[in-house]
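Q: Counted from 1, the first sequence has number 162 at position 155 by my numbering; the numbering is strictly sequential.
Just to be clear, a hint being listed does not mean it is correct.
[Stated by the list, open to error] BS3-like mimics (lysine-lysine), calculated; alpha carbons at most 30 Å apart, straight line:
no.: 1; residue 1: 125; residue 2: 194
no.: 2; residue 1: 125; residue 2: 109
no.: 3; residue 1: 220; residue 2: 83
no.: 4; residue 1: 199; residue 2: 187
no.: 5; residue 1: 220; residue 2: 199
no.: 6; residue 1: 83; residue 2: 125
[Claimed, not checked] Simulated restraints, written as ranges between beta carbons of each label pair:
no.: 7; residue 1: 180; residue 2: 137; range: 35 to 45 Å
no.: 8; residue 1: 31; residue 2: 140; range: 22 to 32 Å
no.: 9; residue 1: 202; residue 2: 222; range: 23 to 33 Å
no.: 10; residue 1: 182; residue 2: 118; range: 34 to 44 Å
no.: 11; residue 1: 222; residue 2: 11; range: 19 to 29 Å
no.: 12; residue 1: 19; residue 2: 103; range: 32 to 42 Å
no.: 13; residue 1: 15; residue 2: 134; range: 30 to 40 Å
no.: 14; residue 1: 32; residue 2: 11; range: 28 to 38 Å
no.: 15; residue 1: 92; residue 2: 181; range: 39 to 49 Å
no.: 16; residue 1: 202; residue 2: 103; range: 37 to 47 Å
no.: 17; residue 1: 108; residue 2: 182; range: 36 to 46 Å
These are calculated hints, taken from the structure and not from any lab test.
Here a beta-carbon is modelled for each residue, glycine too, at the ideal position from N, C-alpha and C.
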Amino acid sequence: MTLRALYRRLLNRYGPQGWWPLLGLHGRHGTNPTKTGSVEGYHPGDYSYPRTDRQRFEICIGAILTQNTGWPNAEKALRNLDGAGLLDAERMLAATEEELRKLIRPAGYYNQKARKLKALAAFYILLGGRTPSREELLALWGVGPETADSILLYAYHLPEFVVDAYTRRVLAAEGLATGKETYDEVKALCVKGLLQDVAVYQEFHALLVERAKRQVRKE
DNA sequence: AACCAGGACGTGA
DNA sequence: TCACGTCATGGT
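Assemble the whole structure, with the sequences as input and the hints as a guide.
A: Next comes the structure, spelled out in structure tokens:
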């Protein structure tokens with residue numbers, strides 16, 4: 008089983024996943040009843056997002072909020088921020104950490120994440136619309152390899168493959184990895200075995216997560 | 001009622 | 001480097 012074959016098989020079985028989920032897409036692409044939690048934000052088969060700067064920032068913030076946290080919880084925090092009008096870099100930076108902590112509580116680690124959001128908002132403003140480099144993102148407090156690659160791949164459409172715990176688990180189960188590789192090693196493995204294309208990277212990562220989730224639930 | 005989630009950071013060896 | 005401990009809410 009090669010990576011490309013695994014990709015085709017998963018895409019054939021589960022269909023396009025429509026990552027990264029965004030707020031405010033109600034009904035635009037229909038719903039996906041196979042997903043748990045909120046489903047309106049996914050846009051299967053449409054790789055044109057983000058379409059606005061606000062959506063781009065939303066993805067960056069979501070990437071922080073979902074660290075070691077289920078998406079439904081992260082999305083609650085995201086909705087709270089949206090309801091407070093804080094899904095905006097300037098406003099988020101202007102908000103107090105106390106206020107942020109209160110709003111993002113459902114996502115867990117709210118002390119650390121409030122600080123991370125502030126750092127990211129300040130950085131985002133400093134960018135002034137420019138696309139950040141991976142090194143710049145990694146230099147930020149609170150942004151590690153997975154979060155950096157998620158931001159680059161889903162918010163900025165750069166071909167950076169995202170590796171997470173699910174990726175390692177599925178690849179190990181398929182005999183394509185041992186599970187002991189470093190982040191960069193797994194990433195290199197995937198890059199080597201796949202067509203180097205943003206849509207493929209976006210889709211394959213989402214499919215691996217879906218596959219792992221179903222496997223945990225014994226299909 | 002444990003167990004864990006779409007990680008990252010700090011510390012000591 | 002590497003192996004742990006810490007951070008925290010909510011779903012299963």
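Q: Run every hint past the structure and note whether it holds.
A: The hints, checked one at a time:
The suggested pairing of residue 125 with residue 194 holds, with an alpha-carbon distance near 28 Å, which does not exceed 30 Å. Between the alpha carbons of residue 125 and residue 109 the distance comes to roughly 14 Å, so the proposed pair stays at or under 30 Å and holds. Pair hint residue 220 plus residue 83 holds up; C-alpha atoms about 20 Å apart against a cutoff of 30 Å. Under the criterion of a C-alpha separation no larger than 30 Å, the hint pairing residue 199 with residue 187 is consistent with the structure, at around 18 Å.
The straight-line distance between the Cα atoms of residue 220 and residue 199 is roughly 25 Å, inside the 30 Å bound, and the hint therefore holds. A threshold of 30 Å between alpha carbons decides the hint, and for residue 83 with residue 125 the separation of about 18 Å falls inside it, so the pair holds. At roughly 40 Å, the beta carbons of residue 180 and residue 137 sit within the given window of 35 to 45 Å. Against the hinted window of 22 to 32 Å, the Cβ-Cβ separation of residue 31 and residue 140 comes to about 29 Å, which satisfies the hint.
In this structure, residue 202 and residue 222 meet the distance hint of 23 to 33 Å, their C-beta atoms being roughly 25 Å apart. In this structure, residue 182 and residue 118 meet the distance hint of 34 to 44 Å, their C-beta atoms being roughly 41 Å apart. For residue 222 and residue 11, the Cβ-Cβ distance of about 20 Å falls inside the hinted range of 19 to 29 Å, so the restraint holds. At about 49 Å, the beta-carbon gap between residue 19 and residue 103 misses the expected band of 32 to 42 Å.
For the hinted restraint 30 to 40 Å between residue 15 and residue 134, the CB-CB distance of approximately 37 Å keeps it satisfied. Between residue 32 and residue 11 the CB atoms are about 30 Å apart, so this pair conforms to the stated range of 28 to 38 Å. For the hinted restraint 39 to 49 Å between residue 92 and residue 181, the CB-CB distance of approximately 45 Å keeps it satisfied. At about 46 Å, the CB distance of residue 202 to residue 103 agrees with the hint of 37 to 47 Å.
Look at residue 108 against residue 182: about 44 Å separates their beta carbons, and that is inside 36 to 46 Å.
Of the numbered hints listed earlier, the single one contradicted by the structure is hint 12.
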